[in-house]
Amino acid sequence: MSASTLQPSIQLSRAGEVTYLLRLADTCLFMGQRLSEWCGHAPILEEDIAMANIALDLIGQARALYAHAGEVEGRGHDEDQLAFLREERDYFNLTIAELPRGDFAFTMVRNAMVCTWLKLMWERLQDSSDAELAGIAGKALKEARYHQQHAADWVVRLADGTDESRRRLDAALPTLWIYTREFFDADEVDELAESTGLGPRASDLRDAWLAEFGALLDEAQLPMPKDSAFRSEGRRGRHSEHMGFMLTELQYLQRAYPGGAW
Amino acid sequence: MNAALRDTRSMRVERAWAALDEVLDPEVPALSVCDLGIVRDVLEREDGGLDIVLTPTYSGCPATELIERNVLEAIDRSGLGPAQVRLQRAPAWSTDWISARGRERLREYGIAPPGPVAQGAPVPMRFTPRRVQEPVACPRCGSANTERLSAFGSTACKSLYRCVACREPFEHFKPI
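If you read the protein sequences in the order shown, they are chains A and H. With our numbering, the residue at position 156 of the first sequence is 173, and numbering never jumps. With our numbering, the residue at position 146 of the second sequence is 181, and numbering never jumps.
FYI, nobody ran anything at the bench for these hints, they're computed from the structure. Please note that a few of the clues may not be correct.
[Claimed, not checked] Covered by chain A, per the in silico footprint, the following chain H stretches (three or more residues, Cβ under 8 Å): (1) 87 to 98; (2) 120 to 128; (3) 180 to 189.
[Claimed, not checked] Over 12 Å on every C-beta distance to chain A, these chain H residues come out as not near it, computed from the model: (4) A53; (5) P64; (6) P210.
[To be verified] Here are the in silico distance ranges between beta carbons for each label pair: (7) H:G150 - A:T213: 38 to 44 Å; (8) A:R141 - H:P61: 32 to 38 Å; (9) A:T192 - H:E108: 36 to 42 Å; (10) H:S134 - A:T192: 47 to 53 Å; (11) A:R106 - H:G150: 44 to 50 Å; (12) A:R198 - H:R104: 42 to 48 Å; (13) A:E54 - H:G150: 31 to 37 Å; (14) H:Q119 - A:D244: 52 to 58 Å; (15) A:E54 - H:P126: 30 to 36 Å; (16) A:G214 - H:R202: 51 to 57 Å; (17) A:Y274 - H:R197: 40 to 46 Å.
All of these numbers come straight from a predicted model, not from anything done at the bench. Backbone N, C-alpha and C define an ideal beta-carbon position, used for all residues, glycine too.
Could you put together the complete structure from these sequences and hints?
Right, here's the structure in full:
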């Protein structure tokens, strides 16, 4: 196939409202993508099913957000174009979501971190001045509670399991922790969202997140990891080295077969 | 609008509801979409079309699009069209909207129906042993001596249980 037949990228609006929606949508999409990689590979059948279910919820939430972002953007982009036809720098997810899935302990710690953040975000977005976003949040919140509980149960269970499960958990926690700083890193997009009533600043979720995640660490008898100077900036479009590989796989079909649909 | 015309219109809406009550959920075929509580409204538009207002159960439910198609086909078959489906997200669907008949059908089908949802209350994380959680009665023998195997089952809306009394595994429709 010649390069000229590949589907080109879309030109994305830089409007703050669109970026705010895409940050959330992209985080949901890549969490769903990474979780779905476990399908057929989980340690037990029940967890294979659980992770596929959670991935499906997250991708469903991303779809609703993309469809809405496309309307707010007003350039005629549909959910598929927004999901599949952007350049790497035009994705605005939390960096933690794009990291390779690692082992089961790594995946459960990441889920506990991100699903707690998402749950707190959805709780606040229920009161968004944007009625469509508030509706999406009301639905997603119910799902996010199950996701958070599922991951939290596993973190406690792995902490209280074998030497091996504890070793893996101890390795995953500090590796992932350094990416959580980005969860609360507010910028002008957050300020705009806060001032228009669209949604909270990322920094507004910090205290509640620390309280909930801290309670989980206490229950699992895990120490709160130390902060580091490292800063990830996926929400601003600057990604880890893993992003390009994931996009290649994710975008292949739409790039090679433009407009391909189920 | 005169009274006679209003009557014929409401007849049409009533017949539409009856037709929708024949449309089964593709993933839980014991329930109609009405039993499930996802048909929010049936409205007649000024231009003579029918608006079927549906609400999705889960954000990622893969059955949503199939349900939309089946709903439109049922309206068409009954000669009540033209119709269109409108999706309405808020307020979010709750298992509290599953009808009493729907709950009975679920039990007969072998799926434990959902308990009530605590509306509005914040749901904290719980770190409790699985057995102490809200007991779910076995749909086969009725025993409350059951345990949860997994919070997620064959579809997003169900979890996996087993009955300690009769030893049968079963699914539970999660309260949401």
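Please name the hints from earlier in the document that this structure breaks, with their numbers sorted from lowest to highest.
6, 9
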